[in-house]
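Here is what each chain is made of, one letter per residue.
Number of protein chains: 2
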Amino acid sequence: MFDFKYFTPTKVIFGKDTEKQVADLIKEFGGTKVLIHYGGGSVVRSGLLKKVTDILEEAGINFVTLGGAVPNPHLSLVYEGIELCKREGVDFILAVGGGSAIDSAKAIGYGVANDGDVWDFYDYKRQATGCLPLGVILTMSATGSEMSSSSVITKEEGLVKRGYSSDFGRPKFAIMNPVLTMTLPDYQTACGCTDIMMHTMERYFSNGGNMELTDALAEGLLRTVMKNAVILRDEPENYDARAEVMWAGSLSHNGLTGCGNDGGDWATHKLEHELGGLYDVAHGAGLAALWGTWARYVYKDCLPRFKKFALNVMGVEAVGTDEEIAVRGIEAMEDFYRSINMPTNLRELGVDPTEEEYADMAHKCAAGVGGKMGSAKVLYEEDMLAIYKQSL
Amino acid sequence: MFDFKYFTPTKVIFGKDTEKQVADLIKEFGGTKVLIHYGGGSVVRSGLLKKVTDILEEAGINFVTLGGAVPNPHLSLVYEGIELCKREGVDFILAVGGGSAIDSAKAIGYGVANDGDVWDFYDYKRQATGCLPLGVILTMSATGSEMSSSSVITKEEGLVKRGYSSDFGRPKFAIMNPVLTMTLPDYQTACGCTDIMMHTMERYFSNGGNMELTDALAEGLLRTVMKNAVILRDEPENYDARAEVMWAGSLSHNGLTGCGNDGGDWATHKLEHELGGLYDVAHGAGLAALWGTWARYVYKDCLPRFKKFALNVMGVEAVGTDEEIAVRGIEAMEDFYRSINMPTNLRELGVDPTEEEYADMAHKCAAGVGGKMGSAKVLYEEDMLAIYKQSL
Numbered sequence: 139m140f141d142f143k144y145f146t147p148t149k150v151i152f153g154k155d156t157e158k159q160v161a162d163l164i165k166e167f168g169g170t171k172v173l174i175h176y177g178g179g180s181v182v183r184s185g186l187l188k189k190v191t192d193i194l195e196e197a198g199i200n201f202v203t204l205g206g207a208v209p210n211p212h213l214s215l216v217y218e219g220i221e222l223c224k225r226e227g228v229d230f231i232l233a234v235g236g237g238s239a240i241d242s243a244k245a246i247g248y249g250v251a252n253d254g255d256v257w258d259f260y261d262y263k264r265q266a267t268g269c270l271p272l273g274v275i276l277t278m279s280a281t282g283s284e285m286s287s288s289s290v291i292t293k294e295e296g297l298v299k300r301g302y303s304s305d306f307g308r309p310k311f312a313i314m315n316p317v318l319t320m321t322l323p324d325y326q327t328a329c330g331c332t333d334i335m336m337h338t339m340e341r342y343f344s345n346g347g348n349m350e351l352t353d354a355l356a357e358g359l360l361r362t363v364m365k366n367a368v369i370l371r372d373e374p375e376n377y378d379a380r381a382e383v384m385w386a387g388s389l390s391h392n393g394l395t396g397c398g399n400d401g402g403d404w405a406t407h408k409l410e411h412e413l414g415g416l417y418d419v420a421h422g423a424g425l426a427a428l429w430g431t432w433a434r435y436v437y438k439d440c441l442p443r444f445k446k447f448a449l450n451v452m453g454v455e456a457v458g459t460d461e462e463i464a465v466r467g468i469e470a471m472e473d474f475y476r477s478i479n480m481p482t483n484l485r486e487l488g489v490d491p492t493e494e495e496y497a498d499m500a501h502k503c504a505a506g507v508g509g510k511m512g513s514a515k516v517l518y519e520e521d522m523l524a525i526y527k528q529s530l
Numbered sequence: 139m140f141d142f143k144y145f146t147p148t149k150v151i152f153g154k155d156t157e158k159q160v161a162d163l164i165k166e167f168g169g170t171k172v173l174i175h176y177g178g179g180s181v182v183r184s185g186l187l188k189k190v191t192d193i194l195e196e197a198g199i200n201f202v203t204l205g206g207a208v209p210n211p212h213l214s215l216v217y218e219g220i221e222l223c224k225r226e227g228v229d230f231i232l233a234v235g236g237g238s239a240i241d242s243a244k245a246i247g248y249g250v251a252n253d254g255d256v257w258d259f260y261d262y263k264r265q266a267t268g269c270l271p272l273g274v275i276l277t278m279s280a281t282g283s284e285m286s287s288s289s290v291i292t293k294e295e296g297l298v299k300r301g302y303s304s305d306f307g308r309p310k311f312a313i314m315n316p317v318l319t320m321t322l323p324d325y326q327t328a329c330g331c332t333d334i335m336m337h338t339m340e341r342y343f344s345n346g347g348n349m350e351l352t353d354a355l356a357e358g359l360l361r362t363v364m365k366n367a368v369i370l371r372d373e374p375e376n377y378d379a380r381a382e383v384m385w386a387g388s389l390s391h392n393g394l395t396g397c398g399n400d401g402g403d404w405a406t407h408k409l410e411h412e413l414g415g416l417y418d419v420a421h422g423a424g425l426a427a428l429w430g431t432w433a434r435y436v437y438k439d440c441l442p443r444f445k446k447f448a449l450n451v452m453g454v455e456a457v458g459t460d461e462e463i464a465v466r467g468i469e470a471m472e473d474f475y476r477s478i479n480m481p482t483n484l485r486e487l488g489v490d491p492t493e494e495e496y497a498d499m500a501h502k503c504a505a506g507v508g509g510k511m512g513s514a515k516v517l518y519e520e521d522m523l524a525i526y527k528q529s530l
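Chains D and H, in that order, are what the protein sequence lines are. Going letter by letter, the first sequence gives residues 139 to 530 in the working numbering. Going letter by letter, the second sequence gives residues 139 to 530 in the working numbering.
Take these hints with a grain of salt, some might be off.
Remember, identical chains collapse to one label, so a pair may be satisfied in a single copy or spanning two.
[As the list claims (entries may be wrong)] Calculated pairs, DSSO-like style, for lysine-lysine (alpha carbon to alpha carbon, straight line, at most 30 Å): (1) K165 <-> K408; (2) K438 <-> K149; (3) K165 <-> K263; (4) K446 <-> K263; (5) K171 <-> K149; (6) K154 <-> K446.
These aren't lab readings, by the way, just hints derived from the structure by calculation.
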């Protein structure tokens, strides 16, 4: 077992109509001039943005708005947000949306609270010493950004996608109303469930210092998301299932499911980042398309964990050798992906890379991680290339 | 499923030698003049107090000390601490110890940050509007006070024991080094494990709005504590087992295992409070002595939960009627208590109340809860009396 830090200061307000508390929460955390930051038009079309601005107006809280945060949110919009905040004297950012709006809001917050170029933090050049306080009204369960320390930003020049983590960026509050996620397309819901599970699975498949309590929580969370993902496939407006998935999304990436281990594997995420850089694919779908191949490539080097996963998460019977049990666990996970209409290979994802593209992704991936990555099995560029190609 | 709030801002620093970080953490949270508050002589004898004061001296942090926090910490000591803090200009409290020192530190913090009598908060007369920031070096896994909002104080006059909860009192940081719990007597370790499990069980046995994810986390936590409590019976210096129990103690009472339900039952805790007021018994042992009788008294009114508990926590086979499964789950928990040398009735606890004492406890318990209590089954004074008497 490794030593660990655990810090989840975000105040979670969970349940129906909780967005009505937004003005009180902003005031509680000292906000007087707010940037409302959101993504595409869905929060406009649903009426949520209007509802929020009405509440702030009624509470006498001044605000400016900035939309346009896209999946893999862009650095240029972050710069625009920083300028806007400085010009308007903004002292609090409210992200209304999913991971894109929240990640973008975190980056704007770093940019306002620190001198110099905000990209420096994402480029591993220096550490932030603060962040403008921010709050969230969550409309999509997936990235866990509403309680996490991390954000991912894409620099358009060269399409460089980078993540930065700092406790300063953890949201002060997160308003989570499961009803707000009911209008998502089924495909996005399934992608979200996949991403949520992967945040815990990346931590679970580790060869370093695992903790029984953490494992028990992780396994319980994974079983719960699987069960409710299937319910949501058939009943997208099932409130309880939406709530189970939404809360699991936060707990899966706030650190809880990694306490005591070596930090986890994260190879599937890193492989997917390059895939997402080259093709316009949804993050969750990309993860599902790669995971099975990655798992088969590495499971012999992390056999006790894959066996435990098969037995305690996938409900595989304890019959046969450890390897057989592990493989049946991987197959069961792929069956689950298929059951919620997620791809289990690149072809099903709609992607068929050329030899050059394979090589390019593997090379970029290796470069991004300093040559090697992974805890279940340490992977080098040749391994990354092999996994990409075997994923077809 | 009910709406819920979840707020656990405490920064947890978990692992070996983590107490060495105490000066940096105090500075991080703005402390310049510290009250070090502790309990009996164990932190003196172990050398921990000396170690902490050496670290603060070296870091140039001024401090004063106040020992003497006893189990069911006394209001008179709280008053003394408040006076000391005001006189010395203390701006941060460091509790070194278990639940007694932490609870007492919280009460002192409320007293310094609010005008008037601090007992008003515990007497349900008004709400605190702040608390002096406090940090913890934990030496005992049991109450979960290191991450919780609650504290329990006893007013010596009339032996009135009252709890008060406020988010203002949540510690800013909690240093958790499992090694520091290794010198505890075996009986105290077993009492701690019982208390930890009961904090989750009180939330679990509820008839209102349970959430699958919360249940899965709760069940995993309970299984983990049971397994490691038995390991610690035989190997008190097993680091990993100490760590599992220590982290479970925090998660079991920080709110995580109650998200989405009606708040839980808490009857066993309230029954034990009166028992602990009349007899000098350890809190955990008192809980174990009462739980089985309470469970048999109420299980038919909360049968789905008792069945689920039997199957998912106690590993009972799914054979027979629901009632039979539920009863076998209760019996299995009593077997577990016996296996770690905890009592399962009042006689084993070493207590044999008179008729007057039974009546007095039931009457005080009923008065303390406004006449009725419980979610698994609503209990009135006559029920409380019956449970006490059947517990013999």
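Hints and how they fare:
{"no.": "1", "hint": "K165 <-> K408", "in the structure": "neither (38 Å within a copy, 37 Å between copies)"}
{"no.": "2", "hint": "K438 <-> K149", "in the structure": "neither (41 Å within a copy, 37 Å between copies)"}
{"no.": "3", "hint": "K165 <-> K263", "in the structure": "between (34 Å within a copy, 26 Å between copies)"}
{"no.": "4", "hint": "K446 <-> K263", "in the structure": "neither (39 Å within a copy, 52 Å between copies)"}
{"no.": "5", "hint": "K171 <-> K149", "in the structure": "both (20 Å within a copy, 29 Å between copies)"}
{"no.": "6", "hint": "K154 <-> K446", "in the structure": "between (37 Å within a copy, 27 Å between copies)"}
Violation of the numbered hints given earlier is confined to hints 1, 2, 4; the remaining hints are satisfied by the structure.
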